[in-house]
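Visitor: Listed below, chain by chain, are the residues.
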Amino acid sequence: MPTPTSSLSARSRAHARFADPGRRRGMLIAFEGPDGSGKTTQRKLFKEWLKSEGHNVVTTKWNSSELIKPLVKSRKALRVLSPEEFSLLHAADFRHRVESVILPALWAGQTVIADRFLFTGLARDVARGLDLDWVMNLYVPLLWPDTVFYFSVSAATSGMRVTSTRVPNYYEAGQDVTAVDDPIDSYHRFIGRVIREYESLALIFNFVTIDAERSIREQHDELRRLFREGEQRPWSDWNLDAVSEWLARRDGNT
Amino acid sequence: MTARRARLIAVDGVNSRALVASAQKIATQSGAARGISRWDASGLFEQLLVADDVSTVSPRLLLLLYAADLAFRLRWEIEPVLAEGRHVVAAPYVETAVAFGRACGLERKWLNNLFRFARKPSARHVVRTAAGAARSSAGFVEFACAQLERRDRRLARDLASRTRKHFSAR
Chain X
42 MPTPTSSLSA
52 RSRAHARFAD
62 PGRRRGMLIA
72 FEGPDGSGKT
82 TQRKLFKEWL
92 KSEGHNVVTT
102 KWNSSELIKP
112 LVKSRKALRV
122 LSPEEFSLLH
132 AADFRHRVES
142 VILPALWAGQ
152 TVIADRFLFT
162 GLARDVARGL
172 DLDWVMNLYV
182 PLLWPDTVFY
192 FSVSAATSGM
202 RVTSTRVPNY
212 YEAGQDVTAV
222 DDPIDSYHRF
232 IGRVIREYES
242 LALIFNFVTI
252 DAERSIREQH
262 DELRRLFREG
272 EQRPWSDWNL
282 DAVSEWLARR
292 DGNT
Chain S
8 MTARRARLIA
18 VDGVNSRALV
28 ASAQKIATQS
38 GAARGISRWD
48 ASGLFEQLLV
58 ADDVSTVSPR
68 LLLLLYAADL
78 AFRLRWEIEP
88 VLAEGRHVVA
98 APYVETAVAF
108 GRACGLERKW
118 LNNLFRFARK
128 PSARHVVRTA
138 AGAARSSAGF
148 VEFACAQLER
158 RDRRLARDLA
168 SRTRKHFSAR
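Chains as they are written, first to last, in our numbering: chain X, 42 to 295; chain S, 8 to 177.
Take the hints with a grain of salt, since some may be wrong.
Stretches of chain S that chain X covers, calculated by requiring three or more beta carbons in the stretch to come under 8 angstroms of a beta carbon on chain X [said to hold, decoys possible]:
| id | stretch |
| --- | --- |
| 1 | 29–38 |
| 2 | 89–102 |
| 3 | 119–133 |
Far from chain X, by Cβ distances over 10 angstroms, these chain S residues were calculated [unchecked claim]:
| id | residue |
| --- | --- |
| 4 | Arg-14 |
| 5 | Ile-43 |
| 6 | Ala-78 |
| 7 | Thr-136 |
| 8 | Ala-137 |
| 9 | Lys-172 |
| 10 | Phe-174 |
Label-pair ranges, simulated between beta-carbon atoms [to be verified]:
| id | chain 1 | residue 1 | chain 2 | residue 2 | range |
| --- | --- | --- | --- | --- | --- |
| 11 | S | Gln-54 | X | Tyr-211 | 41 to 51 angstroms |
| 12 | X | Arg-269 | S | Leu-56 | 40 to 50 angstroms |
| 13 | X | Ile-245 | S | Arg-135 | 43 to 53 angstroms |
| 14 | X | Pro-111 | S | Arg-126 | 37 to 47 angstroms |
| 15 | S | Glu-114 | X | Trp-185 | 33 to 43 angstroms |
| 16 | S | Gln-31 | X | Leu-183 | 20 to 30 angstroms |
| 17 | S | Gly-50 | X | Ala-149 | 34 to 44 angstroms |
| 18 | S | Ala-48 | X | Asn-210 | 21 to 31 angstroms |
| 19 | X | Thr-206 | S | Arg-157 | 35 to 45 angstroms |
| 20 | X | Trp-185 | S | Gln-54 | 27 to 37 angstroms |
In short, the hints are calculated from the structure, not lab data.
Ideal Cβ placement from N, Cα and C applies to all residues, glycine included.
Produce the complete structure using the sequences and hints provided.
Guide: If you want it as structure tokens, here you go:
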């Protein structure tokens, strides 16, 4: 962990690296939204477009840390996770990806696309009855994306799109908190709560809301336009704590 | 007849062997001979050990996992015993993790928030025995030091001793 001196040095280096107008800095773009909102389709189209524009793109998905995912998966299969354990393990997975995938890529000037970000944890955990402040602090030091695209759909649309093709799994359906035996019924109830939380977060954190009920082409064109606008914005020092802590550890200045 | 008040007794320290011995002694004295909750009851850390690359873990990540394990212990080992009106000894409990986090330079505010879900113990004991060697399967502090040594030797150096000092400082 950073000592005051090394932390200062890491902060200076982080600022110099990301705020340098002479080089293309790493950018972090998050795709958020309920299941069935079409964000994965848009994420894939967007990635191809970014590559065609010369970006070196890295994708990271929710709950995909090679180290932590197996721990979560085995416990999900046994259906033994309490909301707190569920929340803490997903925060651990996220932390591992921030330190081993996201920050190294941003430092190297790559563009990172996150298929779900910490807001997924916030929305789902709060929908499970946990306190927003407690959950958000699990993710400190916070790493803020340059842009969060929020794919907005109604609970009815999400429910219809998801349940028409498959049966949601136990935790996806929120059966651990709804106490509803039927996963489809449970999903319909739970996703309404998740969407309510997402909509609150969208206001608090100024997400860019995409109307995901529109055509795929229309949504994609809007993403391109919004990304081009956001690309011109300077780096925000909001992320200095997260970057400098990682940098200090990486360089052994602790 | 007066109902006995169930007590949660927290025992913390950096030396897992001394911690276990002390927990057993305290449990016997307090009439909680079978009510001891130990680190990694959930098996999270044991499972982590068989992963390909544990060297990428950071103090924050280890503490998030510690908290997840503690949530498991509270749910399955501690609360049920208390609900039966019996005493239970938790060794280690919150203070071990907080002292470790402080020794790693993490903010007290973050650590306090992390363990906000944990029930406040009725009594606290700190085992002040010096740390054992960094080993993967002994106790949390030994485990954490062993993992951090692989990648971050400057941080891991004397970490167990620094953790111990944070108990003294409280």
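Visitor: Count the residues of the stretch 119–133 of chain S with a beta-carbon closer than 8 angstroms to any beta-carbon of chain X: does the count reach three?
Guide: Holds: 4 residues of the stretch 119–133 of chain S have a Cβ under 8 angstroms from chain X.
Visitor: Apply the coverage criterion to the stretch 89–102 of chain S and chain X: a residue qualifies when its Cβ sits closer than 8 angstroms to a Cβ of the chain, and three qualifying residues are needed.
Guide: violated (count 0)
Visitor: Is the gap between the beta carbons of S:Ala-48 and X:Asn-210 within 21 to 31 angstroms?
Guide: The hint (21 to 31 angstroms, Cβ to Cβ) holds, given that S:Ala-48 and X:Asn-210 are roughly 26 angstroms apart.
Visitor: Cβ-Cβ distance between X:Trp-185 and S:Gln-54: within 27 to 37 angstroms?
Guide: holds (32 angstroms)
Visitor: Does the hinted range 33 to 43 angstroms hold for S:Glu-114 and X:Trp-185 at CB?
Guide: For S:Glu-114 and X:Trp-185 the Cβ distance comes to about 18 angstroms; the hint is violated.
Visitor: Would you say the C-beta atoms of X:Ile-245 and S:Arg-135 sit inside 43 to 53 angstroms of each other?
Guide: holds (45 angstroms)
Visitor: Looking only at beta-carbon atoms, does the pair X:Pro-111, S:Arg-126 fall within the given range of 37 to 47 angstroms?
Guide: Between X:Pro-111 and S:Arg-126, where Cβ atoms are some 29 angstroms apart, the hint is violated.
Visitor: Could one say that the CB atoms of X:Arg-269 and S:Leu-56 fall in the range 40 to 50 angstroms?
Guide: holds (47 angstroms)
Visitor: Could you see if the CB distance from S:Gln-31 to X:Leu-183 stays within 20 to 30 angstroms?
Guide: violated (42 angstroms)
Visitor: Could you let me know if the closest chain X CB is still more than 10 angstroms away from the CB of S:Phe-174?
Guide: The assertion about S:Phe-174 holds, with a minimum of 18 angstroms to chain X.
Visitor: Minimum Cβ separation between S:Ala-137 and chain X greater than 10 angstroms?
Guide: About 22 angstroms separates S:Ala-137 from the closest Cβ of chain X, which puts it past 10 angstroms; holds.
Visitor: Far enough from chain X: is every CB of that chain over 10 angstroms from the CB of S:Ala-78?
Guide: violated (4 angstroms)
The structure fails hints 1, 2, 6, 11, 14, 15, 16 (numbered hints given earlier, in ascending order).
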